[in-house]
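Model the full structure from these sequences, guided by the hints.
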Amino acid sequence: MSVSLSSTRPARRWRIGYRISPVGAICFVVILAWALVAIFAPLIAPHPVGEIVDFDFFQSVSAQYPMGTDYLGRDVLSRILFGARYTVGISLAAVTIACVSGVTLGMTAAVIGGVFDSALSRFLDALTSIPSKILALVLVAAVGSSISVLTLTLAVIYIPGSYRFARALAVNVNAMDYVTVARVRGERLGHIIRAEILPGIVGPVLADLGLRFVFIVLLLSSLSFLGLGVQPPNADWGALVKENIGGLSLAAPAVIFPLIAIASLTISVNLLIDNLPQKIRDRSEDA
Amino acid sequence: MSRLVEVRDLRIEARTDAGRVVEIIRGVSFDIDEGEIVALIGESGSGKTTIALDLMGYTRPGCRVTGGTVTLDGVEMGALPESRRAAMRGSLVSYVPQSAAAAFNPAHTIMDQVVEVVRIHGSMPIPEARVKAVELFRALALPNPETIGERYPHQVSGGQLQRLSAAMALIGDPKLVIFDEPTTALDVTTQVEVLRAFKSVMRKGGIAGVYVSHDLAVVAQIADRIIVLRHGEVREEGRTADILERPQNPYTRELLAAFRPSAAPRPPRVDRDDAPLLVVRDVVAGYGKTDAQGLPALRILKDVSLSLARGRNLGIVGESGCGKSTLARVIAGILPAAKGEILLDGRPLAADFRRRRREDLRDLQIVFQSADTALNPHQSIGEILGRPLAFYHGMGGRTREARIDQLLDMVRLPRPLRHRRPGELSGGQKQRINLARALAADAKLILCDEITSALDTVVAAAIIDLLKELQRELSLSYLFISHDIETVRAVCDEVVVMYKGEKVEQLRPDVNGGEPTQPYSRLLFSSVPQLRTGWLDGLAQDPELTRAFAQR
Chain A
1 MSVSLSSTRP ARRWRIGYRI SPVGAICFVV ILAWALVAIF APLIAPHPVG
51 EIVDFDFFQS VSAQYPMGTD YLGRDVLSRI LFGARYTVGI SLAAVTIACV
101 SGVTLGMTAA VIGGVFDSAL SRFLDALTSI PSKILALVLV AAVGSSISVL
151 TLTLAVIYIP GSYRFARALA VNVNAMDYVT VARVRGERLG HIIRAEILPG
201 IVGPVLADLG LRFVFIVLLL SSLSFLGLGV QPPNADWGAL VKENIGGLSL
251 AAPAVIFPLI AIASLTISVN LLIDNLPQKI RDRSEDA
Chain B
1 MSRLVEVRDL RIEARTDAGR VVEIIRGVSF DIDEGEIVAL IGESGSGKTT
51 IALDLMGYTR PGCRVTGGTV TLDGVEMGAL PESRRAAMRG SLVSYVPQSA
101 AAAFNPAHTI MDQVVEVVRI HGSMPIPEAR VKAVELFRAL ALPNPETIGE
151 RYPHQVSGGQ LQRLSAAMAL IGDPKLVIFD EPTTALDVTT QVEVLRAFKS
201 VMRKGGIAGV YVSHDLAVVA QIADRIIVLR HGEVREEGRT ADILERPQNP
251 YTRELLAAFR PSAAPRPPRV DRDDAPLLVV RDVVAGYGKT DAQGLPALRI
301 LKDVSLSLAR GRNLGIVGES GCGKSTLARV IAGILPAAKG EILLDGRPLA
351 ADFRRRRRED LRDLQIVFQS ADTALNPHQS IGEILGRPLA FYHGMGGRTR
401 EARIDQLLDM VRLPRPLRHR RPGELSGGQK QRINLARALA ADAKLILCDE
451 ITSALDTVVA AAIIDLLKEL QRELSLSYLF ISHDIETVRA VCDEVVVMYK
501 GEKVEQLRPD VNGGEPTQPY SRLLFSSVPQ LRTGWLDGLA QDPELTRAFA
551 QR
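Residue numbers (UniProt numbering), protein chains in the order written: chain A, 1 to 287; chain B, 1 to 552.
Worth flagging that the hints you see were computed from the coordinates, not collected in a lab. No experiment lies behind these values; they were computed from the predicted model shown. One should not assume that every hint holds.
[Said to hold, decoys possible] Derived, one-sided and incomplete: chain A residues facing chain B with beta-carbon distance under 7 Å:
#1 Phe55
#2 Asp177
#3 Val184
#4 Gly190
#5 Glu196
#6 Gly200
#7 Pro204
[Unchecked claim] Reference excerpt, derived from the structure (chain A facing chain B, CB under 8 Å, subset only):
#8 Arg85
#9 Gly89
#10 Met176
#11 Tyr178
#12 Thr180
#13 Gly186
#14 Glu187
#15 Leu189
Beta carbons: idealized from backbone N, C-alpha and C, even for Gly.
Here is the structure:
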């Protein structure tokens, strides 16, 4: 069997030029599916998000309500499908903003160093010292809750962590001779960051992004629970778990299915990052 | 003499990261008699360390013995369970690693670590072992043998630490000691002393040794027999004198030829324009807080001056810590000089490279010692070479591609290599790319900082030849920094000797025949191992001089 594998594989790999891991592919499909659900939720959801479809709450799985009903007797499937918009949309947007700005600032600080580095690091340290929920509370209370405010708030909260992580990695790469060579060549900051440093730290940074994504999903649901996040009758998945937590003793599917949704998304994001397609660079085939 | 070690048709396989299986040792057989020192010599990847470690019944992770036997003192190591082998290590066979600094635990005193072997095996009461350790320290010519054991590893010098690790290996009265490149990381003046100490202790105790090294001259001093390895096979085996004087195998001949690059005497060129290319005048540089005169607290360079004529080469030699690499960094502006001036082509250069003009940066290129860290592992060779072309010369598209091919031709590398990444090249190839990047800038002066130090002898000799060839074609100048005096002499017209941040003297071929006159330079030059047996025994150095200068 191994013979047949090794004889067919190189040919296929050669055509694509990338090695795609099956785990990564599955995870990508899961994330893509959730993204599609988020976009097309109104078309595929059987019921509107706030409609009370049954007076019996915490119903179990049935043909009519595939994921049961919640504490008010609303259809859980519909609420999960609509919730995808908030969870996937807000979290992905926030984590992208947080990581892009955090990593850029981190690399800049590492390359420039000196006063700029110290000032920026201390400022962001100060930001870390404010508890994240209180910071979110203040920001949202001051500006009012809307999707964009929520996204930016979550991003701001997670920038310092991302900055710290990227800076620590970039400082190490910055000490390499090839960065010195680029500096002495007279390269500008942008080129050093983009071409010399970023490729060296992109792996850990992506892993960090996956982890941070999970944190953001969790923080978003806590905010929703406090009434600062997604406003009812809409709810993100975390809020769905929290509002139905009372049904846990009744073994209600209303708690289980949002959990599965969160798990499937966060695990997929992390596994996809760990199993990104790799460019094939095997010498024996490349020559 | 009876036979201590018998290796028969040893075969070892290794699995690469990609899962490919490679045979790294291919049927090696040899013997070692009791009390005999045998050297395993070969380039990196020849399997010399793998074989040496297998004599202890140890194979590194990822490697597997697939055939053959290793018999040590009548016992077949491969057939024993790991616990029995562990009992033999330290008491029958012991190991002196290349980097003693990495082999000592910084958190324990030296004595505790030296007697640890005895404690593990329970072969001797600890107080007795301590007395024996002091005897060994004395035999190894360590200073203050009574008290040195109370120190911590960072409190002794590198050469002392290497001898202490030999003491650690010898304390269990082994019959066989494996030395794995024990002097490679040491300065030449230190190396002489360490070699002497090793040799006398081994002779006195009648201990057999395996000496793994790539340095033929060192091996010639200590070994009775030499085994030349390449690609996991024995190429040649014989008594030391025979190998050195009558090598049979072509590879051995190549190795010997590469060992001392011929210092081709250049015809003294009449320089039409007398303005030197590079002038360094009274440069002071260092680290730490600056005082009232603007001088740093820790001065690495103290009033160094030198000049380099156009189209000529200047060598800088000295031992580690003498400031030679710092000098390169100061000239390149990476470490701004606190005082003094640097002129390139008659133009004064700003101390800090950030304030230099782009043309100045282009004209002066630096090539670092370690191509592993000097080439970005995430860029292809084409990208690495293409960047200076685009940056300095604004080349793009087809012109740039053509020029990259041209550069690869210049450094004698095949063109398809441009699609590879540095990690997929050999050490010598990487160093050639490193050089090609400096050439891409069309530099006038290339600072070569120990560029051959990390390479095997044969590969390094090829790089030296390449440097000379490129110089003929491109009218380049090199500032060639190395601790290897022979290499420097092969490339350079003039040689500057440095010691503790100061220039000792500048050797010129027209003065005293290029031979050193100052005491320190004489000591340094006489410490370079010669490729003949008995050099070490016949070496007479003034002990006063040695004590004054060598940092032991």
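Hint-by-hint comparison with the structure:
1. Phe55: Result: violated, 61 Å to nearest chain B Cβ.
2. Asp177: holds, 4 Å
3. Val184: holds, 5 Å
4. Gly190: violated, 13 Å
5. Glu196: holds, 6 Å
6. Gly200: Hint holds; Gly200/A Cβ to chain B Cβ min 6 Å, cut 7 Å.
7. Pro204: violated, 13 Å
8. Arg85: Since chain B brings no Cβ nearer than about 37 Å to Arg85/A, farther than 8 Å, the hint is violated.
9. Gly89: Not OK, violated: Gly89/A not within 8 Å of chain B, min 32 Å.
10. Met176: Check passed: Cβ of Met176/A comes within 5 Å of chain B, closer than 8 Å.
11. Tyr178: holds, 4 Å
12. Thr180: holds, 6 Å
13. Gly186: At about 5 Å, which falls below the 8 Å cut-off, the nearest Cβ of chain B leaves the hint on Gly186/A intact, so it holds.
14. Glu187: Interface hint status for Glu187/A: holds (7 Å vs cutoff 8 Å).
15. Leu189: Given a least distance of 11 Å, the restraint on Leu189/A is violated.
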